[in-house]
Every structure is written in structure tokens, then in C-alpha cells.
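Chemist: Each chain, letter by letter, is given below.
2 protein chains.
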Amino acid sequence: MPKHAISPTRHEDYPEWYQQVVRAGELAEASPVRGCMVIKPHGFALWERMQGILDGMFKATGHRNAYFPLFIPLSYLEQEAKHVEGFAKECAVVTHHRLELGPDGRLIPTGKLEEPLVVRPTSETIIGAMYAKWIQSWRDLPVLINQWANVVRWEMRPRVFLRTAEFLWQEGHTAHATEAEAVEETLRMLEIYATFAERDLAMPVWKGPKPSSERFPGAVDTYSIEAMMQDGKALQAGTSHFLGQNFARAQQITFADATGSESFCWTTSWGVSTRLIGGLIMTHADDDGLVLPPRIAPEQIVLLPIHRSDEDRAAVLSCCESLKMRLEGSRWREEPLRVKIDDRDLRGGDKAWQHVKQGVPLRVEIGPRDLAAGAVSLARRDQAPKDRQTLPVEQFVAEASDLLEQIQQGLFERALAFRQTHSAEIDNQAAVHEFFAKDGTHPAGFAHVHVADDPAVAAALDPLKVTVRCTPLNWSEDPGTCLFTGKPVKRRSVIARSY
Amino acid sequence: MPKHAISPTRHEDYPEWYQQVVRAGELAEASPVRGCMVIKPHGFALWERMQGILDGMFKATGHRNAYFPLFIPLSYLEQEAKHVEGFAKECAVVTHHRLELGPDGRLIPTGKLEEPLVVRPTSETIIGAMYAKWIQSWRDLPVLINQWANVVRWEMRPRVFLRTAEFLWQEGHTAHATEAEAVEETLRMLEIYATFAERDLAMPVWKGPKPSSERFPGAVDTYSIEAMMQDGKALQAGTSHFLGQNFARAQQITFADATGSESFCWTTSWGVSTRLIGGLIMTHADDDGLVLPPRIAPEQIVLLPIHRSDEDRAAVLSCCESLKMRLEGSRWREEPLRVKIDDRDLRGGDKAWQHVKQGVPLRVEIGPRDLAAGAVSLARRDQAPKDRQTLPVEQFVAEASDLLEQIQQGLFERALAFRQTHSAEIDNQAAVHEFFAKDGTHPAGFAHVHVADDPAVAAALDPLKVTVRCTPLNWSEDPGTCLFTGKPVKRRSVIARSY
Numbered sequence: 003m004p005k006h007a008i009s010p011t012r013h014e015d016y017p018e019w020y021q022q023v024v025r026a027g028e029l030a031e032a033s034p035v036r037g038c039m040v041i042k043p044h045g046f047a048l049w050e051r052m053q054g055i056l057d058g059m060f061k062a063t064g065h066r067n068a069y070f071p072l073f074i075p076l077s078y079l080e081q082e083a084k085h086v087e088g089f090a091k092e093c094a095v096v097t098h099h100r101l102e103l104g105p106d107g108r109l110i111p112t113g114k115l116e117e118p119l120v121v122r123p124t125s126e127t128i129i130g131a132m133y134a135k136w137i138q139s140w141r142d143l144p145v146l147i148n149q150w151a152n153v154v155r156w157e158m159r160p161r162v163f164l165r166t167a168e169f170l171w172q173e174g175h176t177a178h179a180t181e182a183e184a185v186e187e188t189l190r191m192l193e194i195y196a197t198f199a200e201r202d203l204a205m206p207v208w209k210g211p212k213p214s215s216e217r218f219p220g221a222v223d224t225y226s227i228e229a230m231m232q233d234g235k236a237l238q239a240g241t242s243h244f245l246g247q248n249f250a251r252a253q254q255i256t257f258a259d260a261t262g263s264e265s266f267c268w269t270t271s272w273g274v275s276t277r278l279i280g281g282l283i284m285t286h287a288d289d290d291g292l293v294l295p296p297r298i299a300p301e302q303i304v305l306l307p308i309h310r311s312d313e314d315r316a317a318v319l320s321c322c323e324s325l326k327m328r329l330e331g332s333r334w335r336e337e338p339l340r341v342k343i344d345d346r347d348l349r350g351g352d353k354a355w356q357h358v359k360q361g362v363p364l365r366v367e368i369g370p371r372d373l374a375a376g377a378v379s380l381a382r383r384d385q386a387p388k389d390r391q392t393l394p395v396e397q398f399v400a401e402a403s404d405l406l407e408q409i410q411q412g413l414f415e416r417a418l419a420f421r422q423t424h425s426a427e428i429d430n431q432a433a434v435h436e437f438f439a440k441d442g443t444h445p446a447g448f449a450h451v452h453v454a455d456d457p458a459v460a461a462a463l464d465p466l467k468v469t470v471r472c473t474p475l476n477w478s479e480d481p482g483t484c485l486f487t488g489k490p491v492k493r494r495s496v497i498a499r500s501y
Numbered sequence: 003m004p005k006h007a008i009s010p011t012r013h014e015d016y017p018e019w020y021q022q023v024v025r026a027g028e029l030a031e032a033s034p035v036r037g038c039m040v041i042k043p044h045g046f047a048l049w050e051r052m053q054g055i056l057d058g059m060f061k062a063t064g065h066r067n068a069y070f071p072l073f074i075p076l077s078y079l080e081q082e083a084k085h086v087e088g089f090a091k092e093c094a095v096v097t098h099h100r101l102e103l104g105p106d107g108r109l110i111p112t113g114k115l116e117e118p119l120v121v122r123p124t125s126e127t128i129i130g131a132m133y134a135k136w137i138q139s140w141r142d143l144p145v146l147i148n149q150w151a152n153v154v155r156w157e158m159r160p161r162v163f164l165r166t167a168e169f170l171w172q173e174g175h176t177a178h179a180t181e182a183e184a185v186e187e188t189l190r191m192l193e194i195y196a197t198f199a200e201r202d203l204a205m206p207v208w209k210g211p212k213p214s215s216e217r218f219p220g221a222v223d224t225y226s227i228e229a230m231m232q233d234g235k236a237l238q239a240g241t242s243h244f245l246g247q248n249f250a251r252a253q254q255i256t257f258a259d260a261t262g263s264e265s266f267c268w269t270t271s272w273g274v275s276t277r278l279i280g281g282l283i284m285t286h287a288d289d290d291g292l293v294l295p296p297r298i299a300p301e302q303i304v305l306l307p308i309h310r311s312d313e314d315r316a317a318v319l320s321c322c323e324s325l326k327m328r329l330e331g332s333r334w335r336e337e338p339l340r341v342k343i344d345d346r347d348l349r350g351g352d353k354a355w356q357h358v359k360q361g362v363p364l365r366v367e368i369g370p371r372d373l374a375a376g377a378v379s380l381a382r383r384d385q386a387p388k389d390r391q392t393l394p395v396e397q398f399v400a401e402a403s404d405l406l407e408q409i410q411q412g413l414f415e416r417a418l419a420f421r422q423t424h425s426a427e428i429d430n431q432a433a434v435h436e437f438f439a440k441d442g443t444h445p446a447g448f449a450h451v452h453v454a455d456d457p458a459v460a461a462a463l464d465p466l467k468v469t470v471r472c473t474p475l476n477w478s479e480d481p482g483t484c485l486f487t488g489k490p491v492k493r494r495s496v497i498a499r500s501y
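Just so you know, the sequences run in chain order A and B. Counting from 1, position 232 in the first sequence corresponds to residue 234 in the numbering used here; the numbering is continuous, with no gaps. Counting from 1, position 148 in the second sequence corresponds to residue 150 in the numbering used here; the numbering is continuous, with no gaps.
The following block holds chain A by itself, in its conformation from the complex:
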């Protein structure tokens, strides 16, 4: 048995460790189509859990799902100047609508389109065009719609889950009668993302506005949640944009108020993507592979029957079946426990290691001896693979929900402690340089500094490959002067390297 299931380890080669965790966890792999990934069943099950929880939160706040076209006419993309600048360089373009077999047996595109179509990189323009038709009066507002969809942004340097040409996401698009309502919506969705990240993914985040240089193309304000990965880099894990009247003006999304006078709507958009799976991995995985918070784990408990004879097998399996039923009768955080029996004909060691690498929170082995003793042998994924404890079955059933809660909270606290260790308040330029000059084996992390929203800041940070991630909303006021421009600012911001 190797010392660790994943080689190289995080310290040896972080980027390669990440690829190997994805591979060993059977989450995803590269596809024959450049930049596009195949999300394998275990990876997709994580996305389904994320979708399920977020979708419930969106619906509980009055949003409904709909579906808009994959394709966007070029002329729509041209409507908002900054938007087109932001996306033009990474658009897949459909130019033909049929194929013909050439003399050499190869297919040739024919049926040239009059107007080329772009595969949506995001849907503000096509959805805005529909809102312009749907919204007539204040009675039609607010419009609160979300879409679960695939989008394409051509990537020259793809990285599975983090940056892929095609990815899955949700994009919320709302229209409001007043600026205040739209801002409130923008912040409500930011809050939902932050709650989901911390409560369900056990991933601590800072939430706040980004500097102008990091805004969504066409937005007035972009807010993000930012999480720290185990290499100290920041991952932008979700964004919520206040679009002001920019898109409404470009697309003529207007409404008549109660007096009959016409105004432009105020719009928002917000999204998270399969990138969250990358964030989940890099927050919790260790040198043995994936570690899943129980809230997100497709299976929270795996039961591993151990037997050599057919007679043992029948007895052990029947015990597993009844244990499964009893566990599924318990609830944790308002859901029945998710339990799986793995009775595949594999060597016991290989089987247990597969579940380690796939991050299952609790592994329970049951053999003839346990059966006789009325006990189970329990291993927690948040502890070393060899740490096992033997528990009476009754006690395990009674405590299973508590164990899941402990693991969930333990993972959050561990991530929080990591962030704390790798964060520092810094008050002069030299110390910023020193902070980010640390060699690769010691992740730098987040520097909390005073910076103005000014291009000079981005320019000063650029040589360090560092950017301003966000200015956390819930940090207390702490006035100071910008380290790079000398301008007065009210609170600190997070600066970091990022994905």
C-alpha cells in the first residue's frame, strides 16, 4: 500500500495533485473535444446535489426556472458595448446548418447561415430580448427567472471543472421597477451563494463587491464569493451582478409605472457553475483523494460486507440490509440519510480505498465477527484511513446523524482555520511583496489591505500576479489609505492570487 492514495501529494505538486484527485475520484476527464470535459457519474452526482439544494433556495425566494435558446444572433451580442468586448474573444460561432459528404468521404459544412450564431457564453442579451417583449407595466414586475444550462467560453488553457470551454451553470436574470429592489436582489442572491457555500459545501467564503476592473462586462457592480484553496489561491465561486439600466437601455426593456410613464427596468444576473466542484475538491481533498462534506455526498455512508463463505455472506448481507433500512429511517438536516451497500466482488482493500478516494464520509465494515459481537467497524473520511473504531450497532444507528454533523462542522472549521493561518493584515507595499514572494511550497494566502478602486492598484499588483478579489461586506469599518494610491478607503479588501 502506498503511503498516500494520491501521487503526487499536495506539497509535491499541487496542480498535478488536483488532476489526480479528479481522476482517482472518478469525477471527470478530458474529452476528445478540446477544452470540453466529460463529467462522470460520481462528479455529476455532486452537481445534482448542488443543483437540488440551490434550486430549492431559488424557489423559496420566488424564482422560477425557464429555458432560453442555446444560440444568440451576432446582432444581439453587439447591443451592449462592454459585454461584446468581454466575450468576443472566446465565442464558439455556428456558421452552417448542414453537412455534405465530400468525394473523399469526409463531411463538409454547407448551408451557410445569413447571420452567424454564437453559442451562448451567458444569456443576458437573448433573455433581455424576451423580457423586452414580456414586460409592459409595473404589474409585470419583478420578473424572477433562473435557467440551468450549458454555456461555452472558448478556453486556451482548460483545467477540469475550473476553466473549461463548456461548463454547466445556472444563471438567474431578474428585472425590477426600482434600483433599490434590484440592488436588494443582487445582495439576496450573493447571500444565498454564501450560505450555500458555508453551510452545505463547508467552504468559508468572503462576500463583497469586486473592483471595477474585475466586473462582469456590462455590469454596474459585481459581487462575488471568494474561497481560499489549499494552495492559498482564491477561487471566485459565485457572482451576483447589479446591471443597473445598462442592458435595459441597450435592449429597450421598459415598463409603464402606475401613472403610465415609461422607464427602463433595473436588472440583475447571478450564477454559479460546475467550477464549484473544483472549489469543493481544493477546499477539502487530501493526499488520499476527495473528502466530501456529508451535505453534498451522494452517499453519506457506505456499508462494506466482509465474508469468505457463502454462509457468512448471507448473514452479513442481511445484517447490512437491515442496517441500511434503519439508517435511512434517520434524518440529518431534514433529509433521510443516504446509505449504500457495496457488495461488489472486489478485493476488500481495493473497495475500501475506492470509497476513500471518492470521499464517502463514513465507511462501515461488517464481517462475521462484528455480527457475532453486534458491532460495526467505523472509519471517518475526515480522519486517517487506518483510524477505525468499533461501535455497538445500536450506538452507531443512534449516533449516525451526529457523526455526519460533526464531520460537516469539522470540515468547515478546518477550512476556516486554514484560511485564518494563511491570511494577514498588511499595511505597506514591501510587506505585500514579501507576503506573495513566499515560495510555492508555502501557500501565501489572502492579504487584507487598504486599496482604492483604481486602475493603479491593478497595475501595481499585476507583477505579483495578484488581484483584488473583493471587499468583504461584513467586515467592520477600518479606515485607512490605499497602499498604492494613497487615497482614503473605508475598509480593507482581500488581495490574492486566483484561479
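Hints listed in this document are in silico derivations from the structure and should not be mistaken for laboratory results. It is possible that some hints are incorrect.
Just so you know, same-sequence chains aren't split out, so a pair can sit in one copy or run between any two.
[What the hints assert, rightly or not] Heads up, simulated PhoX-like pairs for lysine-lysine below, C-alpha to C-alpha not over 20 Å straight-line:
(1) K326 <-> K61
(2) K114 <-> K342
(3) K388 <-> K5
Place chain B on chain A using the hints.
Modeler: Quick look at chain B alone, frame taken from chain A:
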């Protein structure tokens, strides 16, 4: 108040009636992108219900979801000769991966791809390529994967839900060690589709193999479920394909058996799409709009508070809230009832008619007088809009689940009776001509005839615009001779006009 909410009626102009039902029900509309539809929230909620039920059935039979790329390299499509023939004429082709602003401010595609990419019309080839990598030995089989996705088949004459350039669907793709297992899987999924159609959509279907001329390009056998719409036409509502070793051979999907010898896998694929929403509409909707079977209705019961004074409003609303809670405490077919209170500030008549047009199974009005009498005023969507009955609240709560069951079954029986009325066993060519010569106001329907699986049959039926839909598996044997070729056949087939 018009006589009917939908104009024209089914009898006046069936195709236009369909469009108007979709419009009045706020299900979907055409988009600015030719052939692509926008699925509006009420339409998408139907799709979510369908997804939820089917996904549960797929998982209960051992399938897992995954996600494969949107794009397929041309060279992959070329691998299976019949497959490429079948889809080449309707493929959207991506040829460029960026845009540049031209001197006139218009965008121009640049960054030409070395190999063009097709937007998936179906995913056999790209999924097969992955299976070829994943499958090594018999221990890796069966592979049972499903994908929920969008696909694109360029349509010259699009029709909302029934035939659109982009549509949403699920596509199952499985690989097996033996022919028998693959055939069993093909039939299992056909059976799941038939059960779902009849039990949940209340849509009677015939299920069976299609003639060779109607096969999926590249399949050995294609099975379908076929439903009768209210104009007597058939709708192919789901298909399940036995692909034999055709794709395995073209893509080298092989496995080593227990003795180590290599064989090609046997594969299947099966799918249903947003077309089912079109089928649902055309099975149940009437001249007042959509009629939803309670199993599929996003809301099964809408409570409509009626009040003039603020005082009344508070009392009526509080009564609605408590009624909603009690109803949601009841279960029907293992799910809590889905109840909505509609307290929007709209004229009562308009509001009730909106729910009629959207097909809500039960509408319940509660006003101050009902409150005083401890009663509710109930209208069923499967009865005339003006038919109301007054029920004591207690009785309504006790009977709500039964009412939903009655409506669900009633809709199925009505559709079944319609199919029966418009079906006939026919035993000679002249009668076939007569059957399908009926004028448009009297739908022809399904003719049950003896036909061989022979190109001559398709040729003979072509002038009538009729095709062989399927040969129902569960019809008893009834040997006869093909009406068009004289060949002996064992059982009758369904022939009909179709969508």
C-alpha cells in the same frame, strides 16, 4: 366572456388551436433564433415534473447520470455510415472560436477551427468514444448511463415542442456483454416510457418495434411508444433503440470476457424529449386551453381568495393559508399535494380563467360567504368551467386526494375512449384509402392492419401521407397477409398520419 377561451377551437383549425393553447397557457414561445423556442416558467415546470419522475425511474433501474460534451468532432460523426446519413442534413456546425469587431462595428467570426465541430444532434458517437476508453473487461459491464441535455437538429418547419431546432431531452446509453442483455435493456426502457406515459401523463400508448424504414440511423431495432392526438395523428413520444454491435464496431467498444477473449459490446440508446409536452397538450387540452393530469401539474390545486374589504381579505386569506397547510399534509400517490394561493390583485374572472388556460386540475374559490358557511366552491378542470360544486371544507380536505385520482383516471379513460373511437381494424387496401380520406374535421385515427416490414409498404402508404407507426408488442397474435405485399405476417401494426 367568449364561449371558449381558445380561438380557434380544435374543430375550426387544429394546428392554430395548438399554437393558441401554448400561448394562452404561457408554456412557450418562438425565439428570435430561427427554430429555437423559449420555454416559459409554466412550460418548464411541466418539464421539471417529467424529469423528476423519469429520473427516479431511471435510477431505480440502476442508471446514473453523467454529462458529455455539446460538441462532436466531424470525424466522430463519420464513423457510422447510416448515422451520418441520418443526421448530416440537420447539423449546426461550429467553424470559428472567436469574434472580432469589423470596421463597421459588426462582429466577424475569426479563429477558424482546424476541424469543425457539430452541435450534438444525439450523442452516440461522443459517448461511444468514451465507453471505448472506459470498458476493458466484463467486470466493467453493464455501463448504464443517462444524460439530460439539449440537442440541436436544424428544422426548416419548426413547431413549438413538437419539432424545434433545439430541444431538451434525456438520452440513455448503455453497453452490455451479451445481445440478450442489451435487448432486455431496450425493452425495459420502452416499458418505463409506456408506464410513465400512461400512469403519469394519462396518455395511452402503443408500444412496439418500428419498421426498418423508420429506424434510428445506425440501430438494429427501434421501438417506440405511439400516442393518438386529438386530430387522430400519431405522436412518437419516446424511442428505445437496440444498436446491436454497430456502434461498438465503428468505435471499437470492446471487452475481454472471463476467458480473456475480446468481443464487441452490445449497446442501446433511448430517449424522450420536450416533445412530450406537445403530446400532453394534444392529448388533453380542450377549447378552453390546457388540461393537466394531476401527476404532472406543477400545482394541483389553486386557492382563489375572494374579498372586497380589507377585513374580509384578512379572514379569507387566513382561511386559505390554513386550508393550504392541511391539504399539503395529505398525500396522493406518495407525494404531498401541491397547492398554491393566488392572491394577486387581478379581476377574479381573469384570474380564474388564467388557471383554466394553464390547466390547473382543481380551482377552489373562498369568499366571506363560504367562510361563514364553512364551505368552499370547487371547480374541476376536467369539467365545464361553469360547473361548480359547493362542499363543506372538511369534506373537501378529506376527499381532495380522491378527486385528484378521479381526474387522473378520468383523463386517461377519456383519451383511451377517443383512441378506441378513432381506431379500426382494416383488411383491404380500399378501406385503408377510405379510412384516411376522411375530411379534416373528422380525424381519421389509427388503422390496425397487416403489413410486412417491406419498402413496398412505405411506398404504398406514402401517397396517403401515412406511415407504419409500430407493431404493438402486447397485441395477441392474429396472423394475416400484408395488404400491400401479400407476405404472411403474425400480428397487426398501427398505421397513421403522424407528427
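Chemist: Look at each hint and say if it fits the structure.
Modeler: Hints and how they fare:
no., hint, result
1, K326 <-> K61, "between (32 Å within a copy, 18 Å between copies)"
2, K114 <-> K342, "neither (52 Å within a copy, 48 Å between copies)"
3, K388 <-> K5, "within (11 Å within a copy, 76 Å between copies)"
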